[in-house]
Amino acid sequence: MARQILGRIPQLILTLLAVSFLTFMLLSLIPGDPVLSILGTDNITEEMIQQKREELGLNDPLPVRYASWLGDAVRGDFGRSQRTQQPVMDAIKERLPVTVEIGLLALTGALLITIPLGSYTAFRANGIADRVTTTVSFALRSVPGFVLALLMIYIFAVWLRLLPATGWTRLTVDPVRNLRSALMPALVLGLAEVTAYTRVLRSDMIATLQQDFIIMAKAKGLPNWRILFKHALRPSMFSLMTVVGLNIAALVGGALIVETIFALPGIGRLLVDSIYQRDLVMVQGVVLFIASSYVIVNFLVDTLYTVLDPRIRHGRA
Amino acid sequence: MAAPETLTTGSLAAPDPAGVPNEAEDGLENVAGSPRKRRKKRGVIFWLSVFWLLTILFCAITASWLPLPDEIQADVAGKLQRPGAEGHLLGTDGLGRDILARLVHGSRVSIIIGFASVGMGITAGCVLGMVVGYFRGWLERFVLFYIDVQLAYPFLVVLLALIAFVGQSLLIITMVFALLSIPLYTRVARANTLSVSQREYVMAARALGAKPARVIFREILPNVALPVLAFGLLAVGSIIVAEGTLSYLGLSVPQPTPTWGSMIAEGRRYLQDAPHVAAVPSLVMCLTVLSLTFVGDSLRALFDVRESGI
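Going line by line, the protein sequences match chains A and B. Its first residue numbered 1, the first sequence is counted upward by one per residue in the numbering used here. Its first residue numbered 1, the second sequence is counted upward by one per residue in the numbering used here.
Hints are not guaranteed to be accurate.
[What the hints assert, rightly or not] Here are the simulated distance ranges between beta carbons:
no.: 1; chain 1: B; residue 1: A124; chain 2: A; residue 2: E94; range: 37 to 43 Å
no.: 2; chain 1: A; residue 1: G127; chain 2: B; residue 2: A85; range: 41 to 47 Å
no.: 3; chain 1: A; residue 1: R170; chain 2: B; residue 2: L54; range: 47 to 53 Å
no.: 4; chain 1: B; residue 1: V166; chain 2: A; residue 2: E94; range: 26 to 32 Å
Because the hints were derived from the structure by calculation, they are not lab data. All of these numbers come straight from a predicted model, not from anything done at the bench. The beta-carbon is built from N, C-alpha and C at its ideal position, and this holds for glycine as well.
Isolated chain B, as found in the complex:
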């Protein structure tokens, strides 16, 4: 609603108002001193995160060709084996399916939904944000009002409602996530456009007679793209969590396609005797989201003009 708009930028699913002026890092830097020191901080953990993300990406792309047991075929005789068992590196689940194979195949759903919806959302949100930020006027007011209205729905609630009414398939779920996240990118893009479009080089381009499309895509876009992209990486993490929640509730891509969330949901039944069935996919999911957050935060600090010490 009428809340200060910088504060609402990040209310996507995760309780992480990204717009609150760079909380932890910011304060730390103010105390610790010059921004140059921060360059050193991008150390081992940053590269470990990148490595982990690349591994997951590799798994998602090559899942079908990796030498793994079948991820759907049940084998009740060999159920609930511990990690490290013969032929099953991470053990088997309640139906005797190989957990590693299901994890690798499940990464596809998370990765596709996460990246595709953020890609679509960013494209639409960027264009919309730049256009309304450049032309202003009644269109801007209408878009801002629409954004307020959409953000009036708690994210998870509107997500569940839409899925309930529209149906569940990989494509539809991706589209719903994209649609729901457009307002966030629109806000970031618009805010950056507002500050950029008064700069001298934009004025110069306009004075030289450049058409609005040229000004927007050649002069403004390069300045808007980086902050939005860095924000997008954080959003991929939030969307993976949201997709995980959906599939935990059994409302994401239907069975038998393995997803991390549905694996965790199955594991709940065996919490007593075989906690690894839930623990392994949970760990993988947390590590992935943690890496995305970490890399995203580092990149955001890098691209944030306000912070980079100019």
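Isolated chain A, as found in the complex:
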């Protein structure tokens, strides 16, 4: 097993290198001179341009620039914001907890809903609850995240006046208010996940429930909940885990929207704000951070998969 995991590390490194190279190349996509779009075109001198070129290393050939940029990035130096001069890494560190908190809350909530819902709809496939779930999640799939967020704001903030529409209180300042401000964003993020997860768990569970050992369990007279959660759940979880891993991308994408709409100081908002302010070094750094984290998380999920599934573990999948 260790050999299998180690064997995938070169691929991981290769992917990370390619991701970093493409992200690095973003700056060269700017039409015209990147220095001009960074400095702006108002009252600048030739000297300033030259100085900025030197500072960004634009006078060196491409491979040299990439190598030095990558060397810095590996050591955690993603450059400095052009507007505030704050190091990009500091800005990311400052905002990461918010995004992670919302993401984890959404993920936990989604799984807490999915596991009973998916199991039950599979157990009573084609029953009323199943049909309702299928229809509702089909409809939910068509609702864009930002529309769902506005709907939540309308229901919970404008109409019922239960939750704050925007804003953020740090967990360390006041846990209750923190939860209140995190609830709606997490709900918006989580609902989209529930529809995807439930479909996957349900179809895997239907397959599992037709296996002999389930019939055996039924014959022994075990109660239904025990059959579902003790016997059928674990072998039905593998596709779900893969989808959870892959959907982290969707969560990050959702975080962009949700953090912007609910005015939360997270990474997604940092990216969107930097784009508004044309702080391109910051954009580049945040994109690199998000993409490499996503690659690494997916690698870990794949590894976990290997550890959990004996069929893959022994190479007989």
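Following the hints, complete the assembly by docking chain B onto the known chain A.
Chain B in isolation, oriented as in the chain A frame:
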């Protein structure tokens, strides 16, 4: 990354891994019985969806000639009128602009970006997928690696980044969407090519001395086109959502061109007093995406060889 590749096919924007073996429908059919029954299911809702899509398409094409108030001219005196007001069937927005007119004109952006980018993406992705699936070798490995790398970026993140660096215009945004969706079609096309290229008639064509180009376009393409097209219709829905998100964030086609997303964004300010400003475009957008998903899913079930009961 190294995830089972069938699972990654649909990770485009919407959390909808289309490759997961036809979740809902599949399970339902297994339980409900023979595939012939499904033919009946393509009933009222399917045709309502088709009708809605045709209406939107009609609006997008004829927007300039329809007898509607001007979609850009502000009229502050008549702002925030409710739906059903005199001369404004769906009411007016915060600047007194007619919502119906803006919806109709806004449909252009969604429809053009949605269909044009999917068209371009499908063409490029199909050719690429068929070529690498047919010839295999190092080119295939390189393309697959590139796909893995591109899918390593969360869709919305790379979309925003590209738009930030390259700029925003209808053409550029369409191109960016096309570029970003090529890997998905390449995967579907390649998978289908792999299964088709070992069939007897392809072997026969090759044995008769047909050139690779002929084999690919005459023998393989007909078998690859339908599944990719059905998948494409679902992709149009995802891209309309993604474009809506971009314009909600103010990063799509710049003002004053109306887009559904920017209309919803404007409506947010009036959520308290005039919720219809946000609700009407939201509803239109959801219905459009729902219809696309529904029609796309039905067509996919129809074209899916595995499912069609052969």
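Outcome of the hint check:
A beta carbon spacing of about 41 Å between A124 (chain B) and E94 (chain A) agrees with the range 37 to 43 Å that was offered as a hint. As the Cβ distance of G127 (chain A) to A85 (chain B) is approximately 46 Å, the hint placing it in 41 to 47 Å holds. Under the hint 47 to 53 Å, the C-beta atoms of R170 (chain A) and L54 (chain B), about 51 Å apart, fit the expected range. About 28 Å separates the C-beta atoms of V166 (chain B) and E94 (chain A), a value consistent with the hinted range of 26 to 32 Å.
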